[in-house]
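Heads up: the protein sequence lines correspond to chains U and L, in order. 17 is the number that numbering that gives the first Met the number 0 gives to position 18 of the first sequence; each next residue is one higher, with no gaps. 62 is the number that numbering that gives the first Met the number 0 gives to position 63 of the second sequence; each next residue is one higher, with no gaps.
Honestly, the hints are just simulated from the structure, not real lab data. Treat the hints loosely; a few may be bogus.
[As the list claims (entries may be wrong)] Under the rule of at most 20 Å between Cα atoms (straight-line distance), these lysine to aspartate or glutamate pairs were calculated in the EDC-like manner:
#, chain 1, residue 1, chain 2, residue 2
1, L, K315, U, E95
2, L, K192, U, E98
3, L, K192, U, E54
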Amino acid sequence: MLEIENLHVRYGAIHALRGVSLEVRSGEIAALIGANGAGKSTLLKAVSGLIRPSEGRMRFAGTQELGRLASCELVRQGISMVPEGRAIFSNLTVIENLEVGAYLRRDSEVKKDREWIWELFPRLRDRQRQSAATLSGGEQQMLAIGRALMSRPRLLLLDEPSLGLAPLMVQTIFRTIRQINGKGASILLVEQNAHMALQVAHRGYVLQTGEMVLSGTGPELMETEQVKRFYLGEA
Amino acid sequence: MKVFWQNNMALLVVLLVVAAAGFGFQRHLDPYYYKILVDVGIAIILVVSLNLINGITGQFSLGHAGFMAVGAYASAALSVLAAGPWLNGLALGGAQKMVVEFVALGVIVIVGGVAAALAGFVVGMPALRLRGDYLAIATLGFGEIIRIVFQNTEQLGGARGISIPPPRSDFTGVYVCAVLCVAFIWRLVHSVKGKSFFAIREDEFAAATVGIDTTKYKVIAFVLGSFFAGVAGALFAHSATGYITPAQFDAVKSIELVVMVVLGGLGSISGSIIAAAALTLLPEILRGFAEYRLVVYSLLLVLVMLTRPQGLMGMKEIKLPWHRQPYQHKPVA
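In isolation and in its complexed conformation, chain U is listed as follows (with noise of 0.2 Å):
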């Protein structure tokens, strides 16, 4: 679904990504972990077309080329990205921010897909007249995958979904994110939570400054000793 190859980032002197490559592949769910710092919402930024990558290729979906796309085109092609601080209109009700999701559809199944949205977080559909300013950071949350899921992405980009949230919370935005990808959307997910992301990853790569450390099946990685002290906390 996205292959990325040999991907190199420059802010001016700083080379943040030196050769980076990852393939997230249809249908399933590849996790990129990585302390402060590492390049992971770099990489973000560059196949969200919000910085130009120095070299490399970054392919969508097998032709699509990636890197000169302006964000607004990304969403008509199927990719949806839940940034970072999760970034919702907090002056529109619950429900206004899902329409707004759905801004670039003209089809007749909108409204099934909130009903879908509703049956993932049923919190949602309680509060969908409430404004989303007054919603805990775990509802915003919510609400910012849901808005994302309303342009009917076929790759779903998450940055840090379980940044700021309570233990109980990131438990229930991980369930979902297994639901979604359930429903056969791919999904890239940038954690710093290694131990949640790579349960729920069918493929987990490991980013250190700049650099593609490890890589392979979500388990795999959590049986490496890198990983496990590093980023698992155990001895």
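Starting from the known structure of chain U, fit chain L onto it as the hints suggest.
Same frame as chain U, but now just chain L:
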């Protein structure tokens, strides 16, 4: 066709009322009050169009007077070089003269608007990459550049200014433009795609992630805002005085317009109309205070902002009974 009449009946009625009122005012109203009314009309066009950029799309521009100047000078050049001599040569009288002058004014105003829209496009394309304070400073700079260019163009009178031959923009001309401007912007931002403008203001990044072409909509807002600023400039240049100087379009004028937008409520079109009218009338009403006039004016501004920091109208609109509103932007209390 039937739908067209249903949608535009109210607009046509308003335009007819404006035309009739203009006819009456011209004969029976004291010239002083008449001039103030015309000033209010021009201010309404300026403030509502600036609200599209600053309030509704959230792109803080401080260069509106510059685009007004482009419209004023483009229309002045047209009148001095072509329209004025041509009308003079026709030597018409009576009703015929009125109709021909009205049409000529329409053409002149559109030329002014298009010139300003072009300037808005040229300035907006690079400037809209900037955000917040930086955009404000850049547009302030562009506005001043435009003014100084006119100040140094001797063919357009330079710093001395330029006097402009008829046609004159009377009450009818100004208010027909004002009504069309308000109706156009109202319909634009309340249309389905018009949600994009509000979305960009609320969170530009979030707007982009749902597929809104943020650059396109920012440029649309900027170009349309500049177009109407140019229309207002052309009307201003052809008002009864018939004389403009570059100093009338300085940064203070831009700031004055921003004050009106903020006072009316960022994003509220009805608020902009009220603020434009109030702040144009106020200095005239306060003439009794003589030299303390501007002190009282400023104190009143401070008072309003203290009691209503969200502006007179906040983000709300005054809805006329026949307005169907498919989309209402709900503010948080």
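Hint check, failures only
Of the numbered hints given earlier, the structure breaks just one, which is hint 3.
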